[in-house]
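Construct the complete structure from the given sequences, taking the supplied hints into account.
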Amino acid sequence: MERALRALVLATTVGCSSGDSDAFDSGKDAAACGGAAATQMHWVIDSLYFAGVNDGVSNGFDLDGHTSNGTGADGCGRADFTSPDGTTGIDNAFGEVLPALENTEFIAAEALINATIRTGELMLLVSMDHVDDGMTDDCIDLSLGRASGVPMLGTDEAFLPGQTLARDSSFDNAIVTNTAVVDGVAVGSPITATIPIQILDAAIEFEILDGAVRLEQHEDGLASGVFAGGLDIATIINVVANEGVAQELKDLLSSVLYVVADLAPDESGECQQLSITFEYTATPVYLFAEE
Amino acid sequence: MLSFRFPRCATLALAMVSALACDPDAESKPLPHGDRGAAPEVGVPAPRLKRLTAPQYRRIIADVFSPDVLLPATLETDERIEGLFQVGAANTTISSYGVEKYEGAAYDIAEQVLTTAAMRSRWVDCSGETIDEVCATDALDALGQRLWRRPLSDAELATVTDLALLAADTLSDFDSGLEYGIAALLMSPHFLYRVELGDGPEAPAGGYDDWEMASRLSFFLWDSTPDGALLEDAEAGRLTDEATLKAVIDRMLADPRTREGVGALFSEMLHLDELDSLTKDPNVFTYMSDELGPSARTETLSVIERHIFDDDAPYPVLFTTRRTFVDRTLAALYNVPAPTPEGFGALELPIESGRRGLLGHASFLALQAHAASTSVTRRGIFVREVLLCTTIPEPPANVNTSIPEVAEDALTMRERIAVHLEDPTCAGCHRITDPIGLAFENFDGLGQWRDTENGAWIDPAGNLDGTDFVDAWELGGVVAGHPVLTPCLTETLLQYATGASVEELDEALIDWHAEGFSDADHRVLWLLRDVALSPAFRGLGSVE
Amino acid sequence: MKPPKSRFWLPAARTWNPSRGALSRRSVLRGVARGAAVAIGLPPLQAMFDGNGAAYACDGILPVRFGLWFWGNGNLPDRWVPDETGDGDAWALSEQLAPLAAHKSKLLIPTGLDCKLDNTSPHGSGLAGILTGVPRVSFGIGGPTIDQVIAQGIGGDTIYRSIQTAASDTSGESWNGPNSRNPAETDPYAFYARMFGDTFVAPGEDATVDPRLGLRRSVLDAVMGDISALNSRVGAEDRARLEQHLTGVRELETRLARLEEDPPELESCERPSEPTGDFSDLDGRAQVRVRNQVMSELIAMAFACDQTRVAAHFVTTPVSDVLFPNASSGHHDLTHNEGGSQPQVHDITLQLMECLADTIGLLDAIPEGDGTLLDNMVLFATSEVSLAQTHSIVNMPVVLAGSACGFFKQDHHYRSLSGDNVTKLLISLQQAVGMSVSSFGDGAAAATGGLSGLEA
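Chains as they are written, first to last, in our numbering: chain U, 1 to 291; chain Z, 1001 to 1544; chain H, 2001 to 2456.
It is worth saying that the hints were derived from the structure and are not from the lab.
It is possible that some hints are incorrect.
Unchecked claim - According to the in silico footprint, chain Z covers these stretches of chain H (three or more CB under 8 Å from chain Z):
| no. | region |
| --- | --- |
| 1 | 2109 to 2122 |
| 2 | 2183 to 2190 |
| 3 | 2248 to 2257 |
| 4 | 2336 to 2345 |
What the hints assert, rightly or not - Example chain H residues on the side facing chain Z (calculated, C-beta under 7 Å, incomplete):
| no. | residue |
| --- | --- |
| 5 | Asn2179 |
| 6 | Val2219 |
| 7 | Pro2264 |
Given the structure is predicted, the values throughout are model-derived calculations rather than measurements.
Even for Gly, the Cβ is constructed at its ideal location relative to N, Cα and C.
Structure representation (structure tokens):
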């Protein structure tokens, strides 16, 4: 498994173009953001899972701004899904591949990612800045970043809410400016970020270009959400070919990925990316004041 | 028992504002010295042998030999009487097992001292290649003076020296023999007890002599044995003369060891030692960890040290200050940003934390609670007994003490223990403790904030001796302004310094010190000095 | 020889006692297995007789031993008292005594005994009544506890006059008198080191010959001289304290002298294995049962090797708030705040009785003469209250195990219908070990005569 992951690059590109997305409300005036008392709020992602597809229903976003029914050129013939709240056009092609990967090394990445979260090696931060009211504020910044340090786990092994972590300044925050939080829910797009994930001695890079993230705050202070984007298939296959990955998995990936690709059609109309959606839960944290 | 008297700053402090407001110049003002009427001529506590507490024993060994000396993890068990180990030390015995432990420790220490060059050379001025009587005598003479806090008599020195030489002959080795001499010093009652009897030929009428005063001062202020300079003061007779005594006390108060000594004092008073064995149900309290208890102690001691030594601020402000020191563990529990990734850092508690003062510390909230829940009674008793010196009678026996279980119409502790306040057999005492304890119900059994209990809103409001408060935050102010708070500290310090039980201390004397404390804006450094000058501390007065 | 080195080291600069940390380094106790001892003809031993000779001995050979086994916070009397009285099949164990079933043939259960002291101090009055028979004084216990009373009678011939242990973090409740506690050892390893460490000589081994023992005694002589000289300078209260100290030094000196004597030939005495367990809290809960087992095993061997004849063992103590397995709160808290029939308090009482069964089993597993160690002793198990919810001190919980060499009835439930003074039981216990006592106690607790109904 480690070998399979080593230097595996998952390039995730979201949004075919920044102009045609109607999935996100992000058009606020920058000058309206942030009052004198405005503060920051941070959550550290404490669990991260591949979102699956169940009966045509999937968590996620309409990444390409189209709702495909599986017949047209849009989405390369892959049908989009409907989110639990009824939004149509949800892109999550990877979710459909999941069952096929259940018995391969690849799926173990999920367990490994979560183990890495608990050791503090992978602490993704979802942050809101310029917040006047954490539940309803028509202008905030939403960002994805990383924290470092040793996480404090409770006697139940969960991340302790209210703990303080250090921001990992070696990582550039992906920021969506001037979005809103409505009833505790904030959605941000486009997110432009590279999230290098060091898992043991394997490095995975999520290159999220024009990505999307949603944060839902719960009454108990915890949060959950999704983030999604597209994986560049050529890159995956290239990495897999160069690593000592089991031939069985190589064959599977080569045969499956282009079939399910649903994003970024090239000039010939063949999709070069496949959409992937992560579901996460997150714990509210503080960050040490930066020097 | 204490009489009720309003300190000068009571009303201001009540208003929850920093009692500093009483005296804006407090910081620059020098400690006033005895510019008031003479102490009342009252009886003073009878001298009592005080056994060294385990922390004192450890500190002495660290001071006299080296902090690197390894000691057994347990020595004779210390006992609290009237809440204080120092009172226990004046009343309890050394058990058979304790004798065994002291013997074991004595040889352990002696062996380490003589086999570690740096420690040995501090006390032994010869190579040890031959059996050197003069060298043994000198070493034991010097060491004896430090350990027994007075010069050894010729006969005493001869006894330990003879033991060392006998052993050296028997074992054909000087150092092996000297071990027995050192061990004899460490096993003697003159080391294990603070022998301050006021019966020496040099003692002023009815008072303690210079050597005894050196011992009393150093244990009171440093929780350890006198250092060389203090013993020189004793030899020069400076500790029985009021003027020179004051100068020595001021020098001691400025010594960093007083910070440690005052830490020991408040640790005893606030039961902070018990934080080492803090037990909480991990299924109930997810924030519980091995670090929490020790961290909570460090927080409280840090706040007290900063308050007393660096800010020289009034004692009551300890109950309203938002300044504290936390590490990551406590910051998470308090739901505030940790000031520093490593260790402790200063923090101003935000108002919305609902938490301020010593009574907002986990050292109080977690310790005075049950393993799986809060304890209204324990928290109330702590404030009453420890901070306000009120003795709560034991509950009557043969009374059903159960409270109703959680029910639809009794979700919160306030509703459940309402029976205590209605039943006349319980109400007498529970009215004294419960309104205080209920104020802290917003803090769970570990000290973490909660708005609700079993889904029902917590009502922390109450009244303390005539003053209403809406929550624990306000109660901190009410405690700070309580007329008995500062006389109670006065009484506690007098007990701590003398080992006397309450009934051995004269009320008029406590009142006299408490008034002075009030006039000095309740600065603890002032009170420490005043107690060190007290007739009760110096034994100046007829023995009761 | 120097005194055994402590195995728990702390730099002097450390002020706080990290006993939990010290404990946690060790792992599980090694096997309980002891192998069946072969009974050979027992030589009569000097060490086993005191000045009064056979009066203290079973069959003229084996000494009678006394154990106090104490737990805090009482029982639930309605589920404790057996329905029937009498011998053997005539009576059955109650619900709360059921964990002792394997040992029923060696049990004597007296019920209906009352503490006669004024119940002015919850948990305090009952403790005074059941252990001292003397009213409390202002700071607590007013007189010596029964283990010390008995140690005065039969403790003089052994290396240790008495020993005190605990299975939870407590100083125990063994007292010489007011303000004079004999602190209990809570650490199994430290207890092992004390009983069976460097200074222990097993049967068949040669006594220690070391000039350093004599030197240590010389040092103790000097210490005694200092104490005596100091004695003349202090008031009455301090004199009593110094006397106690002097007693301790004298006992230590005697102990050192004994190290130079050959050990007695005792059929079941052997050096036990060193406890190596991790006895620190597990999941935030004290490991009371395993600590009780380890301590009990060492106590049993200390008896078997005649290191002592009197032991006081405190599984828990009054007002103990130990968090037991399966309990939602501390024991004491539950006794007051659990409603209904108090199922959790009941469960904790059962856990405590399982601990008691462990101890009895270990004592009964050591062969001595024609029977076992348990037959040659009496284990007095009790608590400071009956129903803790109301701090009741009537119908006190008592289990006696072992006949004390035939003194006590076995497999018997004795029911006092008149609420006999529990001090009478304290008299019976003294008589059982051979002390000629006819009256005992003070104030309202004073009593004359033992409980003849308990005698075989």
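How the hints compare with the structure:
1. 2109 to 2122: holds (count 4)
2. 2183 to 2190: Per the Cβ count (4), the hint holds.
3. 2248 to 2257: Coverage by chain Z holds here, the residue count being 4 at a Cβ distance below 8 Å.
4. 2336 to 2345: Answer holds; 5 residues pass the 8 Å Cβ test.
5. Asn2179: holds, 5 Å
6. Val2219: holds, 5 Å
7. Pro2264: The hint is violated - H/Pro2264 has no Cβ within 7 Å of chain Z, the shortest such distance being about 22 Å.
The earlier numbered hint that this structure contradicts is number 7, and it is the only one.
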